[in-house]
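Which chain is which? The protein sequence lines are A and B, in order.
Note that our numbering gives residue 78 to position 78 of the first sequence, counting from 1, and the numbers run on in steps of one.
Adding 444 to a residue's 1-based position in the second sequence gives its number in our numbering.
For the record, the hints were derived by calculation from the structure and aren't laboratory data.
Honestly, I wouldn't trust all of these hints.
Straight-line distance between alpha carbons at most 27 Å, and here's what the computed DSSO-like set of lysine-lysine pairs gives [claimed, not checked]: (1) B:LYS647 with A:LYS432; (2) A:LYS432 with B:LYS620; (3) A:LYS432 with A:LYS244; (4) B:LYS527 with A:LYS244; (5) A:LYS244 with A:LYS152; (6) B:LYS620 with A:LYS439; (7) B:LYS620 with A:LYS422.
Some but not every residue of chain A turned toward chain B, in silico, with C-beta under 8 Å [what the hints assert, rightly or not]: (8) LEU133; (9) GLN162; (10) LEU263; (11) GLN267; (12) LEU271; (13) THR322; (14) PRO415; (15) GLN437; (16) SER440.
We put the beta carbon where it would ideally sit given N, CA and C, even for glycine.
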Amino acid sequence: MSRPRSESEYLASLIPPSVAAAGLSRRGFLKGTLGAGAALSLSSLLAACGGGDDGGGSGSASQEVTFGSNQSDAVPKKAYADMLAASGLTVKVNTIEHETFQENINNYLQGNPDDVFTWFAGYRMQFFAAQGLAGDISDVWGGLSGMSEALKKASTGEDGKQYFVPLTTYPWGLFYRKSVWEEKGYQEPKTLDELVTLAKQMQTDGLIPIAFADKDGWPAMGTFDQLNLRINGYQFHVDLMAGKEAWDSAEVKKVFDTWRGLLPYHQEDALGREWQEAAQALQKKQAGMYLLGMFVGEQFPEKDREDLDFFTFPEIDPAIGTGAIEAPIDGLMMRAEPKNEEGAKQLLKFAGTAEAENVLLKANNTVIGASSEADASAYTGLQKKAVEFIGSAESIAQFLDRDTRPDFASTVMLPGLQTFIKNPNDIDGLTKSLESQKKSIFTS
Amino acid sequence: MTDLPTVPAAPAEAAVPRRRLGSRVRVSGTDRVLLFVMVAIPLAMVVLWVWLPAIASVVLSFARWTGVGGLDTIEWIGTENYKNVFTNYPPFAPALRHNLIWLVFLFVLPTLFGIFLAVLLDRELRGTRFYQTAFFLPVVLSLALIGFIWQLMYSRDQGLLNAVLGTQIDWYGDSKVNLWAVLVAAGWKHAGYIMLLYLAGLKGVDPSLREAAAVDGASPARTFFSVVLPVMRPINIIIIVVTVIESLRAFDIVWVINKGTNGLELISTLVTSNVVGEASRIGFGSALATIMLVISLVFITIFLSTVMRGERR
Chain A
1 MSRPRSESEY LASLIPPSVA AAGLSRRGFL KGTLGAGAAL SLSSLLAACG GGDDGGGSGS
61 ASQEVTFGSN QSDAVPKKAY ADMLAASGLT VKVNTIEHET FQENINNYLQ GNPDDVFTWF
121 AGYRMQFFAA QGLAGDISDV WGGLSGMSEA LKKASTGEDG KQYFVPLTTY PWGLFYRKSV
181 WEEKGYQEPK TLDELVTLAK QMQTDGLIPI AFADKDGWPA MGTFDQLNLR INGYQFHVDL
241 MAGKEAWDSA EVKKVFDTWR GLLPYHQEDA LGREWQEAAQ ALQKKQAGMY LLGMFVGEQF
301 PEKDREDLDF FTFPEIDPAI GTGAIEAPID GLMMRAEPKN EEGAKQLLKF AGTAEAENVL
361 LKANNTVIGA SSEADASAYT GLQKKAVEFI GSAESIAQFL DRDTRPDFAS TVMLPGLQTF
421 IKNPNDIDGL TKSLESQKKS IFTS
Chain B
445 MTDLPTVPAA PAEAAVPRRR LGSRVRVSGT DRVLLFVMVA IPLAMVVLWV WLPAIASVVL
505 SFARWTGVGG LDTIEWIGTE NYKNVFTNYP PFAPALRHNL IWLVFLFVLP TLFGIFLAVL
565 LDRELRGTRF YQTAFFLPVV LSLALIGFIW QLMYSRDQGL LNAVLGTQID WYGDSKVNLW
625 AVLVAAGWKH AGYIMLLYLA GLKGVDPSLR EAAAVDGASP ARTFFSVVLP VMRPINIIII
685 VVTVIESLRA FDIVWVINKG TNGLELISTL VTSNVVGEAS RIGFGSALAT IMLVISLVFI
745 TIFLSTVMRG ERR
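Same shape as in the complex, but just chain A:
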């Protein structure tokens, strides 16, 4: 046996002569497989892009309805389970961790989503409706009562059809413990100056004036929104979020500048803390206030929740006032071409009734019902205050990441605001960068 002189010769010696004689050259072979592979993957790629068109059946109400839920925290999870059980339909719930659900929404909706899924009102809903990923439920809306005109508007896509059934809402504000404030004799501040005076008083009393956490990146958006609504008003917020106003404008710079003045009264090292930990600082009476949504109460034991109260962010510019608030609406959507359309619509119709909301609210008292027919008699003092607060608002914003494009919120604003918290002194550089990044995203 002669020793092969090169690698190719050695490999050739391994091939049985019959194969070699058949003339199967490696190059030809490669070509063939490559072609087959390309064809195979291209077709699967195209199929993946085509979206879920495997459904489309009408189904019936007696069949199972699938339900995708982002309500993974213990309190709301139980509330949703109770509500779905009360619908009388066979519902299969698929709960996904809250943040993960949002992050994967694109893949989720293009894959094989559940018939009905939880989502948010406003631009964040319209964005997906406009791309044909949500089902038109205008006929469900025809049968709903107790929904205000504002709610209907928040549930309507760019094409004038409804894609969303509101379930619950909650206000953003400065939350505090009544017992602490009574003990120290604090008064709710009406202006920014009073807020600063109060914060200084809290510091001398050994309290962290404003609890703060921004590890996840979104809580700081709430602070930005509150300041922006007080300094520049509701319409500016809407235009800024829509990309019509400039981020390096004097108006936005003033927001950051005011925020910089307030940062010394915020809890330190916010970027390493989650909102739950900051909420616990408030609950343990280490912090005097916390600027957050009413869900802050989830971190309070049942007996402490009655001690929770809030006030709206104080006035900064008398010409703007405090009429604009933030109260994000959570609710349900239907996928495009659901497997069980009849059942899905029946579930949505039920979710829009006062009956469904009452079940939901019974298990979770950190939100309030969207429908005006929801039973308010069982509300806690805080919930009653929230109803009144939202009802008397002149205009209601959703939230920074619900009022603007998701790509802009998550890849530009989130790191941008964290940069500001880290280095609040370079406002010109930051706003210039935000505006330049906005231009690159808002072109399409």
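Using the hints provided, position chain B relative to the given structure of chain A.
Relative to chain A, chain B alone:
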């Protein structure tokens, strides 16, 4: 690699003379199918899951696309994504820097420390097996889990480190220190991995080489650097490659801590938050991925050329 032409029958027949005695014709049909299957399946897998996605990423990096709807919704925008990555995306520069720091750090500390541990353990100290197990334990854990474990050390309010040092440092949250804190955690795992690889290599070194060096009067240090290290060349190359790969694919530990924001940006986390998240900037994320591919290619090229030069020698 040289291309394999249609194989001439003669040398092959000479190479397998004995098999010819059996019923060769019957077997060859099976051989043919087997050969086809054995080549086709891995090839199809590599093409389908490695090359096509890689090429698709490069192609998509010249587009603007939300990832929703058919391929006709893709808008081609030339090199604009790259322009934006380099000039209009503040997290990119830190991410690139952090990946480099990661690479250099892993080389300088955990890799060398792992080698040092291996050399020590190879000397058959008392309790060698216990130390081996102890150092190797973190390797078994996933990086995500290691992130959680070190959280117990690093936690600002309840962590061991602050309790012992009496400090108030926010190890994971303060962008001045969090990269280093994470690197220590990642290095903890990496050192054990390198130790095991190197220890296996050292066990394979012919003892007579060391005896010969000892007879010639070489000190233990001299023996290691002049005799053992050159013999270990293949293992050394593997260790370099492993370290480069580990630093380029670093992702999970950072992702579980804060999704690669606030001082922990890495190219891999930027790719994920742009492509996978709600954002869906497919084109922009692909441009980032392509940049990562190019960086990887540089290292792969260096590695391959070293290996091939070694083989030719």
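Exercise for the section: Hint by hint, work out which the structure violates, then give me just those numbers in ascending order. Expected result: Failing hints, ascending: 1, 6, 9, 10, 11 and 13.
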